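Visitor: One-letter residues, chain by chain:
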Amino acid sequence: MNPEIGQFAILLALALAVYQSASGLLGAGLRGPRLMASASSAALAQAAALIVAFGVLVMAYVESDFSLAVVAGNSNSLKPLLYKIAGAWGNHEGSMLLWALMLGLFGGLVALFGRNLPTTLRARVLGVQGLVGVAFLLFIALTSNPFARLDPPPLDGRGLNPLLQDPGLAFHPPMLYVGYVGFSVTFAFAIAGLIEGRIDAAWARWVRPWALAAWIALTLGIAFGSWWAYYELGWGGFWFWDPVENASLLPWLAGAALLHSAIVVERREAMKAWTVFLALLAFALSLLGTFLVRSGVLTSVHAFANDPARGVFILAILTLTVGGSFALFAWRAPALKASATFAPVSRETALAVNNLLLTSAALAVLIGTLYPLVVSALAGDAISVGPPYFNFVVGALFLPLLLLVPFGPMMAWKRGDIAAAAGRLWVAAGLALLAGLATLALQSRGPWMAAFGIGLAAWLICGALSDLAERVRLFRVPLTVSLARLTGLSGAAFGSTLAHLGAGVTLAGIIGATAWQAESIKAMHPGDVAEVGPYSVLLEDVVPVTGPNYTADQARLRLERGGSFVLTMTPERRFFPAGRSMTTETAIHTTGLSDIYAALGEKTADGGGWTVRLHYKPLAPWIWLGAIVMALGGLCSLADRRLRIGAPARRAVPAVAAPAE
Amino acid sequence: MRRFLALLLLALVLPWTAAAFEPGEALDDPALEARARALSAERRCLVCQTESLDDSAAPLAQDLRRLVRERIVAGDTDEEVLDYIVARYGEYVLLRPRLSPRTWLLWLGPFGALLIGAGAIWWYVRRRRGSPEAEALSAEEERRLREIVND
Chain G
1 MNPEIGQFAI
11 LLALALAVYQ
21 SASGLLGAGL
31 RGPRLMASAS
41 SAALAQAAAL
51 IVAFGVLVMA
61 YVESDFSLAV
71 VAGNSNSLKP
81 LLYKIAGAWG
91 NHEGSMLLWA
101 LMLGLFGGLV
111 ALFGRNLPTT
121 LRARVLGVQG
131 LVGVAFLLFI
141 ALTSNPFARL
151 DPPPLDGRGL
161 NPLLQDPGLA
171 FHPPMLYVGY
181 VGFSVTFAFA
191 IAGLIEGRID
201 AAWARWVRPW
211 ALAAWIALTL
221 GIAFGSWWAY
231 YELGWGGFWF
241 WDPVENASLL
251 PWLAGAALLH
261 SAIVVERREA
271 MKAWTVFLAL
281 LAFALSLLGT
291 FLVRSGVLTS
301 VHAFANDPAR
311 GVFILAILTL
321 TVGGSFALFA
331 WRAPALKASA
341 TFAPVSRETA
351 LAVNNLLLTS
361 AALAVLIGTL
371 YPLVVSALAG
381 DAISVGPPYF
391 NFVVGALFLP
401 LLLLVPFGPM
411 MAWKRGDIAA
421 AAGRLWVAAG
431 LALLAGLATL
441 ALQSRGPWMA
451 AFGIGLAAWL
461 ICGALSDLAE
471 RVRLFRVPLT
481 VSLARLTGLS
491 GAAFGSTLAH
501 LGAGVTLAGI
511 IGATAWQAES
521 IKAMHPGDVA
531 EVGPYSVLLE
541 DVVPVTGPNY
551 TADQARLRLE
561 RGGSFVLTMT
571 PERRFFPAGR
581 SMTTETAIHT
591 TGLSDIYAAL
601 GEKTADGGGW
611 TVRLHYKPLA
621 PWIWLGAIVM
631 ALGGLCSLAD
641 RRLRIGAPAR
651 RAVPAVAAPA
661 E
Chain L
1 MRRFLALLLL
11 ALVLPWTAAA
21 FEPGEALDDP
31 ALEARARALS
41 AERRCLVCQT
51 ESLDDSAAPL
61 AQDLRRLVRE
71 RIVAGDTDEE
81 VLDYIVARYG
91 EYVLLRPRLS
101 PRTWLLWLGP
111 FGALLIGAGA
121 IWWYVRRRRG
131 SPEAEALSAE
141 EERRLREIVN
151 D
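Taken in sequence, the protein lines are chains G and L.
According to the numbering used here, the residues represented by the first sequence are 1 to 661, in order.
According to the numbering used here, the residues represented by the second sequence are 1 to 151, in order.
It is worth saying that the hints were derived from the structure and are not from the lab.
All figures in this text were calculated on a predicted structure; none of them were measured in a lab.
No false leads were slipped in.
Derived, one-sided and incomplete: chain L residues facing chain G with beta-carbon distance under 8 Å:
hint: 1; residue: Leu94
hint: 2; residue: Leu95
hint: 3; residue: Pro97
hint: 4; residue: Leu106
hint: 5; residue: Pro110
hint: 6; residue: Ala113
hint: 7; residue: Arg128
Sample of chain L residues at the chain G side, in silico, Cβ under 7 Å:
hint: 8; residue: Glu91
hint: 9; residue: Tyr92
hint: 10; residue: Arg96
hint: 11; residue: Gly109
hint: 12; residue: Leu114
hint: 13; residue: Gly117
hint: 14; residue: Ile121
hint: 15; residue: Val125
Backbone N, C-alpha and C fix where the C-beta goes; we use that ideal spot for every residue, glycine too.
Turn these sequences into a full structure, and let the hints guide you.
Guide: Written out as structure tokens, the structure is:
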């Protein structure tokens with residue numbers, strides 16, 4: 001397809017975004033129903049134009065049109081189809097177009113699903129969404145044109161970085177972008193609510209599904225990325241606290257806080273200004289992440305590919321968005337009056353404490369990520385802030401948070417009772433203590449902290465299950481009644497149980513994989529045996545194999561446990577001629593309770609042996625299992641019937657009051 | 001996606017290998033080796049972006065790891081090894097910055113914010129409790145109130 005069509009579609013989308021913001025904001029201000037309605041049409045048209053633009057780019061990759069600079073720089077005719085497609089967002093220009101596409105799609109979704117919103121609110125939300133679109137489409141058109149041509153075109157492309165040629169990474173970026181960009185909708189709702197001076201239970205109910213959707217996507221996107229790092233980088237790490245990861249964790253933490261505080265606004269009409277602040281913050285942090293990564297300030301040593309103009313442009317977008325929105329907040333927020341009263345011990349206070357700890361953790365990640373930049377700018381010399389800092393500070397803030405999680409759902413609104421909550425949690429506390437003590441007794445090595453961590457994970461899991469048991473009055477009413485109550489529970493109730501349970505599962509995975517991992521890193525010749533954890537591993541031989549666009553050395557490792565054969569593992573070292581680079585393809589065997597992980601290193605100096613890295617990681621799969629459970633919890637919450645009131649319904653929503661929890 | 005760019009840059013600069021820490025480097029004494037690994041995990045690789053010394057495959061990182069082991073074998077304490085490396089390469093190599101006036105904000109900022117936030121919640125909760133529009137009385141409270149008034 002002709003790339004100029006894509007170029008034209010981008011400019012068309014830009015014009016539509018300008019119209020969308022003008023008609024939405026002016027239309028709402030002037031109370032012009034036709035003007036406001038046209039903002040919805042513009043949002044849908046903008047989404048369509050961006051789908052066309054992105055489709056043209058993907059087609060250029062599929063057809064290996066090397067007359068496009070981005071295709072020549074990031075693709076290769078020999079690449080498998082999936083990675084040709086994924087290559088479309090494996091570079092700066094394409095990823096920015098994906099960003100803009102997501103933004104356009106979210107705008108279109110608001111136009112589609114927002115039919116039951118008050119007309120002016122919907123118009124203003126679309127108007128703000130359009131403004132953000134204008135900024136990013138201008139950025140693409142002026143500094144990052146994905147449709148720039150090469151003349152003459154090269155015969156073949158340079159290929160996508162082989163590290164990125166992986167199914168996990170093909171889906172990781174779009175997922176993450178849905179998360180980042182999803183917070184633009186909560187941002188738009190916050191701005192629109194501030195303009196209208198209307199932040200109430202209905203507002204919170206409209207915002208919550210968007211915040212949930214963004215948070216679910218971020219959870220899965222981060223988990224995908226971490227899983228990829230684990231199996232692709234070849235040394236068994238799953239989280240590195242690098243600025244790029246931190247950039248995705250920041251909006252996740254702010255989003256988690258927002259999900260909780262929005263409940264308070266919805267149920268009790270309190271913490272309004274704070275919730276609006278979080279809605280602004282989550283998107284500001286998404287933008288900050290985009291700036292940090294896209295501008296290259298954090299990778300300045302290797303900033304050969306970065307254009308300073310891009311950094312300045314994104315910084316301008318960031319400053320305008322953050323400055324403008326927080327100024328509006330400072331002006332309008334004092335007018336937001338809460339009507340609710342509640343006792344110091346109550347669900348409201350519990351959620352406020354949850355928010356305090358989550359945002360403090362976010363602040364720690366933010367300070368740690370930016371500190372080296374600030375020090376080098378002010379003092380002119382370099383310091384590093386790495387994993388030891390983040391583990392300590394974020395750990396110290398998460399500890400009280402996780403300890404308090406099971407209490408939260410047990411607290412009644414308005415006036416809670418700590419003694420009663422503790423009374424309902426003694427089974428969970430007992431099981432957690434038992435798990436901790438059993439770990440202490442069973443673990444042959446590893447610090448006592450690990451036993452404490454496992455106890456904490458058990459506390460989270462059992463606490464979440466106690467909450468569910470409490471809701472269905474398990475063992476206090478006949479089982480059939482409990483079962484009937486279970487099927488009648490709201491999606492939000494299941495959601496919070498699952499999300500808190502998932503956090504416990506992930507915690508257990510992190511503790512297990514770090515505290516009890518065993519490793520064997522040694523030079524092995526065919527016939528050598530290495531012992532790692534409960535396994536013994538025999539290197540049978542190393543054979544050359546050929547893939548579609550690479551050649552590789554493949555080791556055959558015979559895995560035995562307790563003398564009996566388990567399976568043959570085949571880690572590889574791949575060489576990609578197109579980019580002249582090597583990757584490791586690890587082999588992982590998982591039992592669900594532990595992973596055994598093998599990576600093939602370099603040939604030894606004598607030429608007959610190979611460096612073989614083996615890691616035994618107890619509970620490691622739980623890290624990602626927990627993330628999936630958390631995301632499922634989010635989906636349950638999203639499916640809650642109450643959230644659809646005020647959303648489009650084919651038939652009239654029955655006018656029955658929602659059950660109180 | 002954000003990982004992409006950093007890794008892209010990294011991958012282009014570094015010869016990627018599976019092994020970071022190489023088997024030939026290990027010390028024979030497991031206790032000394034454990035100390036060396038722990039120390040390396042807290043040092044920064046100077047040529048790669050955010051990897052620790054223990055994870056990096058770059059030649060300079062290998063040299064530094066060897067240096068750590070030399071100092072340990074020579075009988076240095078952990079603190080002395082650190083001082084030695086900081087003296088040669090600067091504080092940049094420390095992944096856990098030392099507490100100094102320059103890093104007060106880094107170390108104390110999050111906890112300071114926690115305290116301020118806790119104070120704000122305390123103030124907010126007190127104010128909400130003291131609001132004039134108090135909750136309606138329960139039936140039991142109504143009854144007792146009537147008893148008292150009627151007395």
